[in-house]
Amino acid sequence: MAKYAKRERSTNMRPTAYRHPPAACAQLRGALALAALLALSACGNIEPWVKPYEREALADPIMSFDPHPISTAYTHHVFEAREGARGALGSAGGGCGCN
Amino acid sequence: MTGDRLQATGDSKNAAVAADLLLLVFARCASPVARRLKRLACSLRPVACSLSLFLVSSSVFGGVLPDDRADALYHRYEGGGVTIHGPSVLVRKKMAEKYSISANYYMDMVTSASIDVETSGASEYKEERKQYSFSFDYLRGKTTYSLSYTNSEENDYEAETFSFGISQDLFGDLTTISMGFSKGADVVMRTISDPGSGGRIVDPSFEQDIDRWSYRVGVSQILTKNLIAALELEVITDEGYLNNPYRTYRFVRPDDERKFALATEIYPRTRTSNAVALNAKYFLSYRAALQGGYRFFTDTWGIRADTYSLGYTHPLGNTPWVFEVSYRFYDQSKADFYRDLFDRADQQNFMARDKELSTFKSHTLRIGASYEFVRNGQGFIKKASANAFFDRISFDYEDFRDARFSMLDDSDPEFRPAGSEPLYSFDANVIQIFVSAWF
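As they're listed, the protein sequences go chains A and B.
Residues 1 to 99, numbered by the numbering used here, are exactly what the first sequence covers, in order.
Residues 1 to 439, numbered by the numbering used here, are exactly what the second sequence covers, in order.
Looking at chain B on its own, in the form it has when it is part of the complex:
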């Protein structure tokens, strides 16, 4: 048996394993969408097997795993009465040019006195979120198999996500296709005041679950020797307690229609969203890069969103400096059950006043610089850079009003009746400072 035939036999097994893994992933799911996908997957099993076999058996040259690198980042978000900052560390290492592992630690330290907190009458609060991620990649020929696990913990929220992905280089490495699946399980809790200590404790009588499923397919394509493009489609479906247990909707007070009262939001227990994104990057002849992107989003809650982005990367001659500038525009329509001010309590089955579900636009301007302080190797480090990025984000809400104006005393000249307050808007500053080293 020749080496080629051995390789072909291995590839056939690979293809069958890949197809069966995808079917197994679908089969393990219990949501209505997953059941539909499972039926679809079963009916397409022969096609999936043939496609996988075709993809895998087209291997001619080896693919490439990501470089060995370590990154340490400090991030800070400040805007709308919220400050979030913390570290993030990412390490990735290859082994035997076939395996790659990575680990990421990420932390958010939150201090919040947002408009939602102020409107609810609560005082500023502080909390922390810690997230650990691990991933494993296996490269065989031109096929990369990926597994990853993420765990996120707060005192009142836990989330776990498992992901599986497969990608394949085709047509002389001009094309890379990929597909992936993620399964998430969240636990939603809430904190209450402890009458004994006066502090806050987790409410032992409240614990809710969310199950999440994500299905992705993508293709990246070298179009010319200066242009590459990528198309990605992702379907996400959630089932469970999708509310924020602290957030409220507001309705006109029956005894004084210039004021409002609050009640806990009620959301549907399912949500399915579709997003498709197209990105392209073009190399300019004087060594610079131009990037453009568009994403279309729609979901079963009635939200539609369009995201446009444009970026420019400019290395400064042969110096160690690289500068970046980009602009992002985001435009969203509201969820069907969102209203800034309901006419009365329990007006409809589902009621939300989360500004993330309202109609709004955001503009983001980014500037950034990278400085390579190790360019030609030093010890075991091949290359290292220091980087700083600054984003200015402006959020302009079109049907979310600043309710603080109707909470003022009637005699205050700033007072505005509920429903006629000024529309809310705020700006946020986001800073990222990080060091990257390749080894």
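Bound conformation, chain A alone:
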């Protein structure tokens, strides 16, 4: 009984800040919209922290995620035909025909 009473009390004692009047709601929405706009403008002005002239290592062919596309496609097919999992392999997929 004490537990129920405590729950009831806690429900009744909801802080008034949770009950936004319409004007406060509008202000909150406005603030959120402003924050989103600022975030987007900030995104638009992000300075690349790795400058183009610092990407020599990343441009090395050994750093490619898929240096041999013909081999990658075949390897994915080998696994997809023998495993239950599929997808998120960076390719558009294709007919399996593995029955």
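Note that these hints are calculated values from the structure, not bench results.
Cβ coordinates follow ideal geometry from the N, Cα and C atoms, glycine included.
Among the hints, erroneous ones may be present.
Unchecked claim - Derived pair list, reagent style EDC-like, types lysine to aspartate or glutamate, alpha-carbon separation capped at 16 Å:
1. B:Lys383 / A:Asp60
2. B:Lys126 / B:Glu154
3. A:Lys51 / B:Asp173
4. B:Lys225 / A:Glu54
5. B:Lys225 / A:Asp60
6. B:Lys361 / A:Glu83
7. B:Lys225 / A:Glu47
8. B:Lys259 / B:Glu128
What the hints assert, rightly or not - Residues of chain B placed beyond 12 Å of chain A at every Cβ, according to the derived structure:
9. Ala263
10. Phe283
11. Arg344
What the hints assert, rightly or not - A short list of chain B residues far from chain A (calculated; beta carbon distances all over 10 Å):
12. Ala122
13. Tyr145
14. Phe206
15. His363
16. Tyr371
17. Phe380
Go by the hints and put chain B onto chain A.
Positioned in the frame of chain A, the structure of chain B alone reads:
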């Protein structure tokens, strides 16, 4: 009107077209998931338009299309009583630095006497699969639009897939985001013995369809001047005849509980899966690369799978040689309706004994080498390499037993009653030999 404004107007149109194309793609689909996505897409239309506009209008520098290249590969898989080998040829060509087309021809020549074939009492069979793929990429600013089509044909299976994708470079090319959609349509047939010729013919009374939808989003990110990472999410949903018409489940024989009988599997007609993958590659100071990856997979059939991979690429000084070694670990839990041995026929609504739906682990070790035999141009070829890769894959099944032991005669010392046979496992060798030329 200045050139910049013209570009901006073009980009706005591009954005609207991109957003509408995505919505159209969703709208054309009829599956329950697609309908939900369609509703979601409609409700998010303003956001999609704004996002696309934001992405496209952030173009400052041109993106990059893949290099012109041609590859010719011979592949051979051998393991578990199955041998599959054949060629694959891929050609990609750019035009006017804005368009890129590619074509791929792939062939499997299969000879199979797998444990499933042996357990069913059938004899070794041979078949072929041919696959053609075509793709078209269009680069505008930092946005790449891609369309592709794949057709795969066997005597008893046909599959077609259309794909659309869009990718965008952002933030000084530190980030690339991409999204894509594929629609597949398969036709499942089966072959039967021809009483006249004794050979096998396609059963004219059996033809079933499968519709497939795939939705992808991904982001790749340059994190430091030596580290790049990529995150990808893909949702695939299938609807139709998802069984293999030849595969059977086994159940305890009512007249002899040490033996089993077989019946055609029954699968649900829908399946939706979610996969998310994170991959990263790191450049080591002495010019080598370290790659790691993880993929989490789950689906509505109750399968959960984790895939871990680690790879190392090592160019040998200034020689034309590059060596690779990698390890991949795959761990899967079974589908809800999978059992190695059912207590009786028609025990439940759905029944499967496909080992790809069982609980198992696989380990793959790869070694490979590439040799650049043209490094500084020769005629119209800028660069060319010869490559060889060898994979050793070990499959260890945890609830798929080797039923051949209970098919033996009772008097055979190797005989084991159904349900207490040794667990099945096998090793496979995969060889790839290919030549690549850039022009």
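Here's how the hints hold up against the structure:
{"no.": "1", "hint": "B:Lys383 / A:Asp60", "in the structure": "holds (15 Å)"}
{"no.": "2", "hint": "B:Lys126 / B:Glu154", "in the structure": "holds (11 Å)"}
{"no.": "3", "hint": "A:Lys51 / B:Asp173", "in the structure": "holds (10 Å)"}
{"no.": "4", "hint": "B:Lys225 / A:Glu54", "in the structure": "holds (6 Å)"}
{"no.": "5", "hint": "B:Lys225 / A:Asp60", "in the structure": "holds (12 Å)"}
{"no.": "6", "hint": "B:Lys361 / A:Glu83", "in the structure": "holds (10 Å)"}
{"no.": "7", "hint": "B:Lys225 / A:Glu47", "in the structure": "holds (14 Å)"}
{"no.": "8", "hint": "B:Lys259 / B:Glu128", "in the structure": "violated (34 Å)"}
{"no.": "9", "hint": "Ala263", "in the structure": "holds (18 Å)"}
{"no.": "10", "hint": "Phe283", "in the structure": "violated (4 Å)"}
{"no.": "11", "hint": "Arg344", "in the structure": "holds (26 Å)"}
{"no.": "12", "hint": "Ala122", "in the structure": "holds (14 Å)"}
{"no.": "13", "hint": "Tyr145", "in the structure": "holds (13 Å)"}
{"no.": "14", "hint": "Phe206", "in the structure": "holds (12 Å)"}
{"no.": "15", "hint": "His363", "in the structure": "holds (12 Å)"}
{"no.": "16", "hint": "Tyr371", "in the structure": "holds (13 Å)"}
{"no.": "17", "hint": "Phe380", "in the structure": "holds (20 Å)"}
Of the numbered hints given earlier, the model fails hints 8, 10; all others are met.
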